[in-house]
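Participant: Letter by letter, the chains look like this.
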Amino acid sequence: MADLQDELHADPEAGALGDLPESLPELPATGPRTSVLDPDTAWLERARAVLAAHPVADGYCGLPWALRHLPWFDLELGESAVGTDIPRLREGHVGAQFWSLRLPEGLHGDRAVGATLEQLDLVRTVVRTHPEGLRLARTAGETADARNCGRIAVLLGPASAAALGDSLGILRSLHMLGVRVLTLSGASWASEAGLTRFGEEVLREMNRLGVIPDLSGACDETVRRAVAASKAPVLCTRSAARALRPHPANLPDDLLAELGAAKGLCMVPLTAEQTGPTVRDVADHLDHVREVAGPESVGLSGTYDSGTAHPQELPDASRYPHLIAELLRRGWPEPDLALLTWANAQRVLRGADFTAKAAQLRRRPSTARIAELDG
Amino acid sequence: MRGVSSLEEARELLREFPVVDGHNDLPWALRQQVRYDLDARDIACRQNAHLHTDIPRLREGGVGAQYWSVYVRSDLPDAVPATLEQIDCVRQLIARHPADLRPALTAADMEAARAEGRIASLMGAEGGHSIANSLATLRGLYALGVRYLTLTHNHNVAWADSATDEPGVGGLSAFGREVVREMNREGMLVDLSHVAATTMRDALDTTAAPVIFSHSSARAVCDHPRNIPDDVLERLPANGGVAMVTFVPKFVLQAAVDWTARADENMHAHGFHHLDTTPEAMKVHRAFEEGNPRPPATVSTVADHLDHMREVAGIDHLGIGGDYDGTAFTPDGLNDVSGYPNLIAELLDRGWSRADLAKLTWRNAVRVLGAAEDVARGLRAARGPSNATIESLDG
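Note that the protein sequences, when read in sequence, are chains X and W. Counting in the working numbering, the first sequence runs from 1 upward without gaps. Counting in the working numbering, the second sequence runs from 1 upward without gaps.
Please keep in mind that the hints were generated in silico from the structure rather than gathered at the bench. Predicted, not measured: the structure shown is a model, and the values here were computed from it. Glycine is no exception: its CB is placed at the ideal position from the N, C-alpha and C atoms. A portion of the hints provided could be inaccurate.
To be verified - If we take Cβ atoms under 8 Å as the criterion, some of the chain W residues that face chain X in the derived model are: (1) R35; (2) P81; (3) L84; (4) C89.
One chain only, chain X, in its complex shape:
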């Protein structure tokens, strides 16, 4: 019943969107003006209207690790210790978020698997204690459902490759606990040398389960191989354009083109390190990725609460309208913005679901062991 009521009040701005495009585009071009609205405010209003219809599916949020040692917190009313809380997610029009389960470097075996279980437990507790704001989602359908109920969908992942303990059985158990994205780096089977035979089997089992491969931080060789070998579209949960800023997690143009051809998704992080110190730098990366990979292969990744600096105009999760305003100013058409913020991520989630359904008819759970394939 509560859900139905929420739906009645959902997105009040959405209805107003219809009359916006006609009236606003020429605003900034009018030169000296008498309007009480300054141009920036007008763009921002329009950005909010776009986001009300097409909320942000944010590819990376570091909250689980950030909350780990925070003894008292409440995301419902606003939490100053972190950059992500429900009021700011609402203000930023975030409709879905991937919550990172990444581990610090150097954990393996018992400790890596245990630390991942602990993070999953923390996420379950946080979501359970914020039922008005958050809802766990495993599939594209559940993500859309959460949004229709006025909740922010929380998707689990990316998790670290180390969390698998080199075992497909553990992969299946983590999937059962809701993990939907796994980063293919930092394991012997996904190292600098690319994917090993076991690594390819991990990828096939991920396709069979519907766990989406994340290639941010993977070496170029792994990215190339995974893009080619994965039956389902892949994600780069935090990668920008290496042509604009040389960072190891950013993608060179040839890989961006391959990613685009395979209908993968490059989610551009809002970090000073990877994209630059201003909102315009982020927009430059988005322009470039859209240009090279195509509008169906570009997405957004807030990367908040993961210990990195953000562009000055985008300090926390509430600021997405400012980024969208900048893109509107640059002439991004609304359909492309809809793809960027929401639809591309939904398509990748749905692709993973469909691939899994088809693969499960064809393949049994794999019993392959690393010692047999890579030994």
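Chain X is already provided as a structure; the job is to place chain W on it using the hints.
Facilitator: Just chain W, lined up with the frame of chain X:
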């Protein structure tokens, strides 16, 4: 010799109230024998040469619910990853045999399985090492479907003493008590098989929900540390818990206990560990066995335990936990999972009523899981999940 009629009656009774078995190590056997290659040991077919357990024999045995053990060794590192692999194995078994096995997480699921004529498949983790001193990991196992945790296996954990290890913390430590409370809050049954008597008593003092012994017999009948002392059995009525009698000969038959002690001594004398199964060690062991025939346990040995446990704990606090595929030897007449009707027939011959036997096989075990769920509902409303650490409580 037992009359045909009591065996017939036992089978008929089990059709209505099938066996809930507290402990079966099939997942471990599949891990050890074929590394989870489930085609190599297809349990839809008879696997008499390799396993105690397969679906045809579970059906013959009148099994209606099985706690599959997701046991991993307590003397090796990386218990948590291995436990997740064991859980995956159980899930695969259930997925491969949907007509015979039904996933079960609650007492209601068990009843639904009985109504459908399928075998309710539950999971139990065997040993506190499987949670690596982490309450979050405990909750992770619960989320994956694990419905009991045996507090220790053959070795102590940092927060609880095992029956087969030197005294450590002297029962449960402060963190150990917090583990029990958190299990109560989640609705995971506290299993006191394998633990020291001191741990049993501490757990009974702490728990708000009924406990189980997933596979333990009576110490008064056969003096082995894996069995339950009478003072603990006496506390089950107040607690509401269930002691599930086990069949393992070296726990239930005094002659077998003594024989095993001598066999182990012989192994040590030849410079081998008593659990060594290398060909050289087995040769020494077989030579000993030729000169010293293994004393056989029987159906009647197990029935003696049940008679005693019934006298001390009462008919509402008994169950069955065969430990099949977790033990090399089994009693005559209870050679594999098809043997339960023989035990029921023996008890019928000893004058157990049909109502008593329905409690033993089905009702008590289902009641206990339901009671744990009720307690959890209350506790979850009263308090949030605990994130206490062993460092903060045990210093």
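Participant: To test your reading of the hints: which numbers does this structure violate?
Facilitator: none
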